[in-house]
Structure formats: C-alpha cells, structure tokens
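Residue numbers (our numbering), protein chains in the order written: chain A, 1 to 76; chain B, 1 to 153.
These are calculated hints, taken from the structure and not from any lab test. Hints may be right or wrong, so weigh each one.
Stated by the list, open to error - Taking beta-carbon pairs under 8 Å as the criterion, some of the chain A residues facing chain B (in silico):
hint	residue
1	Thr-17
2	Leu-19
3	Asp-20
4	Val-22
5	Ser-23
6	Arg-24
7	Tyr-25
8	Arg-26
9	Cys-42
10	Cys-44
11	Gln-46
12	Ala-47
13	Leu-48
14	Phe-49
15	Glu-50
Stated by the list, open to error - Derived DSS-like pairs: lysine-lysine, alpha-carbon spacing no greater than 30 Å straight-line:
hint	chain 1	residue 1	chain 2	residue 2
16	B	Lys-118	B	Lys-11
17	B	Lys-69	B	Lys-121
18	A	Lys-71	B	Lys-142
19	A	Lys-71	A	Lys-33
20	B	Lys-142	B	Lys-12
21	B	Lys-17	A	Lys-37
22	A	Lys-33	B	Lys-11
23	B	Lys-12	B	Lys-78
24	A	Lys-27	B	Lys-142
25	B	Lys-105	A	Lys-33
26	A	Lys-54	B	Lys-118
27	B	Lys-142	B	Lys-121
28	B	Lys-69	A	Lys-37
29	B	Lys-78	A	Lys-27
30	A	Lys-37	A	Lys-27
31	B	Lys-69	A	Lys-33
32	B	Lys-69	A	Lys-71
33	B	Lys-53	B	Lys-69
34	A	Lys-71	B	Lys-78
35	B	Lys-11	B	Lys-142
36	B	Lys-78	A	Lys-33
37	B	Lys-12	B	Lys-105
Unchecked claim - Selected chain B positions facing chain A (Cβ under 7 Å, derived; list incomplete):
hint	residue
38	Val-19
39	His-23
40	Lys-26
Computed from a prediction, not measured in an experiment: that's the story for all the values here. Every residue gets a Cβ at the ideal spot worked out from N, C-alpha and C, and that includes glycine.
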Amino acid sequence: MDKTVLKEGRCIRSEMTVLDIVSRYRKTEVVFKQYDKQAGVCICCQALFEPISKVAVRYGLNLEELLEDLKAAVGE
Amino acid sequence: MSTRAIQYLNKKCISFKVVEYEHDEKGAEFAARAIGFPLERTIKTLVVDLGNKNYSFALMPGDKQLALKQLARACKVKRTAMVDTATAERLTGYLVGGISPFGAKQRLTAVIEESLMKYDKVAINAGQRGVMLIMTPGDIIKALDCDVARIIQ
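Please work from the sequences and hints to get the whole structure.
In structure tokens:
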C-alpha cells in the first residue's frame, strides 16, 4: 500500500504575518526593509503581528509585488 | 481585572497600574495609541530562539527593531532567531498581541533594551489583549531578573 506523506506548505502567503515570514525565512527581512521608505514606517517594528495583506492595504503597498519580492528572496 | 502576569507581579509585591483599552489590533503601536502613551516607552515582548531548545524574551521599545546579532552577543550564544506565532504562544501560554514576560507558562530568560532604562515609567502587556501595565523599568528587571543590553538596530 502506498504511503501518502503530507508536508507543511513552505510558500509565503498573503495571510501570513510579518513575524511568521521573518521567523521562517530570515532573508525576507531585507525585503521588508526595502519597503520601509514606501510604507513610511519600519514594517518589522510596527507591523510585526499583522498579515502582509493588511500591511499592504494600510501602508499603500502593492501586495502582489511585495509577495513576489519576498518569494524571490527565499528562492520560491 | 486579573491575569497570570498580574498575579505573578502581586506575588512579588511589585507595584504597577493596570490600563485597559478596546483591543482592535495587535502590536505596540495600536496599544500605545489606545492608552495615550508614547510608542518608544511602550514595550513589545518578543520571543526569541537561542538554539538548543533555549528561548528568551526580548523586551523592546515599540518603535524599534530587534538586532538579532546584538541579542546573541548579550545572551552569549552564536545566533538567535525570532520564533513564529505558534511557538511564541505555546511557550508563553499567551496569545500574540497579549504576550507578557510575566507569568509565562514556561520560565524564560529575558533581556531588556537599555534605552528603556531612561524612562521613569513604561507600558508593558499584562498578558491579555487590551490590558497594559504601567510600571518602572527597574521593577521589570526586579520581576524578571533580566539582563540589560543594547538589542535594537
């Protein structure tokens, strides 16, 4: 009988919080820093517990671009 | 109002003032705004992995970012990493947005950012979303027996 092994997905999703992304993928911290100027705040300081979808809306960031940059940073 | 954090401080005869607010958002920024307290004096409590299944609290000014390398130096370990939400909640028994270094489920060491020492009073989470404690940085050190170090970027 075949065994089915389920693994936790390792992709960055918009509902993940900044904390969960940074803690899982350390390289993403640099990406968030690149968006600080556009956001007008330090994202890793002031939006650590927020999902990135909410961060994008609040600080006027392009969510798709942010997701692409985060994924590129971790090689997804 | 009583939380595990408040009970912990009461047992240690440490004085504090409880401030409640309508919790709509997680994080120090919202809490500071809601209670009318400066963000740089509102502490966010982060849980950090020190390696070898050791963890620590990093007590940070709400407007600053943690410097993991400096924290590693302060804790005398090779490297540190922030833990994810699930791990922080499992270790502390508190929900993110309501994590207090006092009365946590697992006893963790703690490091407080040195620049907080210059304030007479700071705000820190009481272990429940929407409840903050106003107290002196010195009393935080007394309650946790924590180290003081520069751990901000």
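For each hint, the structure was consulted:
no., hint, verdict
1, Thr-17, "holds (6 Å)"
2, Leu-19, "holds (6 Å)"
3, Asp-20, "holds (5 Å)"
4, Val-22, "holds (6 Å)"
5, Ser-23, "holds (4 Å)"
6, Arg-24, "holds (6 Å)"
7, Tyr-25, "violated (11 Å)"
8, Arg-26, "holds (7 Å)"
9, Cys-42, "holds (6 Å)"
10, Cys-44, "holds (5 Å)"
11, Gln-46, "holds (5 Å)"
12, Ala-47, "holds (7 Å)"
13, Leu-48, "holds (6 Å)"
14, Phe-49, "holds (4 Å)"
15, Glu-50, "holds (7 Å)"
16, B:Lys-118 with B:Lys-11, "holds (26 Å)"
17, B:Lys-69 with B:Lys-121, "holds (28 Å)"
18, A:Lys-71 with B:Lys-142, "violated (43 Å)"
19, A:Lys-71 with A:Lys-33, "holds (15 Å)"
20, B:Lys-142 with B:Lys-12, "holds (9 Å)"
21, B:Lys-17 with A:Lys-37, "violated (36 Å)"
22, A:Lys-33 with B:Lys-11, "violated (42 Å)"
23, B:Lys-12 with B:Lys-78, "violated (33 Å)"
24, A:Lys-27 with B:Lys-142, "violated (36 Å)"
25, B:Lys-105 with A:Lys-33, "violated (33 Å)"
26, A:Lys-54 with B:Lys-118, "violated (34 Å)"
27, B:Lys-142 with B:Lys-121, "holds (14 Å)"
28, B:Lys-69 with A:Lys-37, "holds (24 Å)"
29, B:Lys-78 with A:Lys-27, "holds (18 Å)"
30, A:Lys-37 with A:Lys-27, "holds (18 Å)"
31, B:Lys-69 with A:Lys-33, "holds (17 Å)"
32, B:Lys-69 with A:Lys-71, "holds (24 Å)"
33, B:Lys-53 with B:Lys-69, "holds (18 Å)"
34, A:Lys-71 with B:Lys-78, "holds (27 Å)"
35, B:Lys-11 with B:Lys-142, "holds (13 Å)"
36, B:Lys-78 with A:Lys-33, "holds (24 Å)"
37, B:Lys-12 with B:Lys-105, "holds (17 Å)"
38, Val-19, "violated (20 Å)"
39, His-23, "violated (12 Å)"
40, Lys-26, "holds (4 Å)"
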